[in-house]
Amino acid sequence: MFNFTVRRLLFTIPTLLFISFVIFFILDAAPSDPTGNLPLTIPPDVREKIRASLGLDKPMIMRYLLWCKQFFINEPLNLLDQWGLHLGDPDRLRVISFQTRSPVVDMIAERMPQTLWVVGMSYVVGVMIALPIGIISAVKQYSWFDQLGTFISMIGFSVPTFFTGVLMIVVFSTIVPRDSFFWFPSIYDTTLKVTDWASFGAQVRQMAMPVFVLALYNAAQISRFMRASMLDNLNQDYVRTARAKGLRERTVLLVHVLRNSLIPVITVIALGVPQVFGGAIITEQVFKVNGLGQLLIIAIQGGDIPTVQTLTFIFAVLIVLFNLIADILYGILDPRIRYD
Amino acid sequence: MTDTAIDIKPQRSQWADVWDQFKTHPGAVLGMIFFVTICLLVLFGPLLWHFSPHDMMIRDRNQGPSWVHPLGTDQLGHDAFAQILAGGRVSLLVGVTAMGISIFLGTFIGVLAGYFKRLDGLLMRLTDLFLALPLLPLLLVIIMLFRDTLRMAFGPETGIFILIVFVIGITSWMQTARIVRGDVLALKEQEFVLAARSIGTPPHRMILRHVLPNVMSPIMVSATLGIANAIITESALSFLGLGFPSDFPTWGKLLQIATERMTLNPAQVMWPGLAISLTVLSVNYMGDGLRDALDPRIRGR
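For the protein sequence lines, the chains are E and A, in the order given.
Adding 12 to a residue's 1-based position in the first sequence gives its number in the numbering used here.
By the numbering used here, the letter at position 210 of the second sequence is numbered 195, and the numbering carries on one by one without gaps.
No lab work stands behind these hints: they were computed from the structure.
It should be emphasised that the depicted structure is a prediction, and the values quoted were computed from it without experimental measurement.
Fair warning: there could be bad hints in the mix.
What the hints assert, rightly or not - Across the chosen pairs, the derived CB separations fall in these ranges:
1) V14(A) - K257(E): 39 to 49 Å
2) P141(A) - S114(E): 33 to 43 Å
3) L29(E) - I155(A): 14 to 24 Å
4) D133(A) - R63(E): 16 to 26 Å
5) D133(A) - W195(E): 34 to 44 Å
6) P141(A) - K205(E): 43 to 53 Å
Unchecked claim - Coverage of chain E stretches by chain A, computed from C-beta distances (three or more under 8 Å per stretch; other residues unrestricted):
7) 33 to 39
8) 77 to 86
9) 165 to 178
10) 251 to 257
11) 300 to 312
12) 319 to 328
Note that CB positions come from ideal geometry on N, CA and C, so glycine has one too.
Please construct the entire structure, taking both the sequences and the accompanying hints into account.
Here it is, written out as structure tokens:
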């Protein structure tokens, strides 16, 4: 297992480098110009100088290597600096945004908490709803609860988050009167500091709608998996054996069947984490949460290549990382699986 | 049967069995009826409906439902029903075309990887690489960066249509490729393939005559789910403002425009959103029913 983990970890390094090159290549091949939004009155030679100051006059491979150096060497060193560990020259070049001229990693760090709170909370809530629904649906197959649960999960699976989100805003922010208990704010306020119970309540209220929308979507997918996995295990011989030796039905279901059914579901949950980050781009846009997704959209619209490159690469890192975590978890949880 | 005993049962094809099983799934049948209705409405509706999506009745803007405008009108006095019909044409066309590209690519790569051992490693690493790409961010980036060039080359509507369809197609083939590869690998071990090979069937005829017909069922299931996926992706792109030009209605675009004026006219949010959701729901139910119907283990029961 340890060998496998080390081998996979080593293999992720070329994979990630290749992905970062592909992203860089797509961004570079695009006929877009970061000076395109500047006024037309700027003379061509000045425009050339602006492009040179952004480093765009160098050949593509040089710019890619420069980005690699900035992202993989300078940024981690800078992080060490902040923790009080000084290595090398302190004024090294960081990945700088074209738009704001500030380091991209700082911008990402500023926006990370909002995304993590909303997205992370919605995933936790989604899993907590999905598991019991999936379990009960499978145990009571074809009952009214199963029919209803399957139907709702089909709806949650099919209705896009940008419609559920907008629908909730229409109902809970515009139709419901402002002073009612059921009124919820449609715009996420990042400046809100949680200091007392009142501000805590406000924070819960402003998180309620985006979290609910994303949680419904996640729960729909996971509960389908949970139900299918439980049904697969319920017909196995070991369940009959457990019943035959006179174990209580509770023990059979919650100890024997559930533990075995959770193995594939846990890997599905791990694999879903990066997709949730991607899907949150839309929900963040609907509820005006100024998280990573919104940063990406702003950067794309402004032709801010370093920000787009870094953000997209971080999403890719998440995908590769959670694929690895899912594989390792699968090996740990299921003793039948051995990779070596 | 060689003797004279009369075979009472008429000859049944595999597809008749599949259809019989499909009919027993009420959700799938309802979904299919709904999807066919939507397709017919969207195809022939604009020819019959007495408003064109570009008619601007500026005096009648922001109206609720009435006999003249059954779904009301938007902020410029466009008839909402005509807009939904016109938007549905584009959304469904994008869905079907993008699904076609993705199924073609997925089947092609899956069959190649499964049938030719030498290509397997390379093609599967390519599939893994595509699966590791963050798709929605990349879709946004590609569309944002390339749309002006394509607009200039093919005109504003066709250019963006080609771009969106192409981009959705080349980013959603991976699941199909994996499923098809697995099935082809299993098929290759079967005896009829060995028999066909022993009489000297060349690889291309092997694939077209023997392999492809036998992997049709997973391809059909991923095709239905692919339509749903493509419709949602296109709407999401349009919703984020990166889709078709603003005077060119699609369901996602209509939803985005209505969202900006939500406080003024909340009803207009409902129709495009409902259209997307119900279409995707019906397609997903069809996919579910098809999966059950094409699974011989379930069909026998």
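Hint-by-hint comparison with the structure:
With their beta carbons about 44 Å apart, V14(A) and K257(E) fall inside the hinted range of 39 to 49 Å. Distance hint check: the CB atoms of P141(A) and S114(E) are about 36 Å apart, consistent with the given range 33 to 43 Å. Hint check: L29(E) to I155(A), Cβ distance near 22 Å, so the stated range 14 to 24 Å holds. Take D133(A) and R63(E): their Cβ atoms lie about 18 Å apart, and the range 16 to 26 Å holds.
At roughly 43 Å, the beta carbons of D133(A) and W195(E) sit within the given window of 34 to 44 Å. For P141(A) and K205(E), the Cβ-Cβ distance of about 47 Å falls inside the hinted range of 43 to 53 Å, so the restraint holds. For the segment 33 to 39 of chain E, the proposed coverage by chain A is satisfied: 4 residues have a C-beta within less than 8 Å of a C-beta in that chain, meeting the threshold of three. Only residues whose C-beta sits within less than 8 Å of a C-beta in chain A count toward coverage, and the segment 77 to 86 of chain E has 0 of them, not enough to reach three; the restraint is violated.
Coverage of the segment 165 to 178 of chain E by chain A holds [criterion: at least 3 residues with CB-CB distance below 8 Å; count 9]. Against chain A, the segment 251 to 257 of chain E contributes 0 residues with a C-beta closer than 8 Å to a partner C-beta. That does not satisfy the three-residue criterion, and the hint is violated. For the segment 300 to 312 of chain E, the stated coverage by chain A is satisfied: 3 residues place a CB nearer than 8 Å to a CB of that chain, which reaches the threshold of 3. Taking a C-beta to C-beta cut-off of 8 Å, the segment 319 to 328 of chain E contributes 5 residues in contact with chain A, enough for the three needed, and the coverage statement holds.
Hints 8, 10, counting from the list given before, are not met by this structure.
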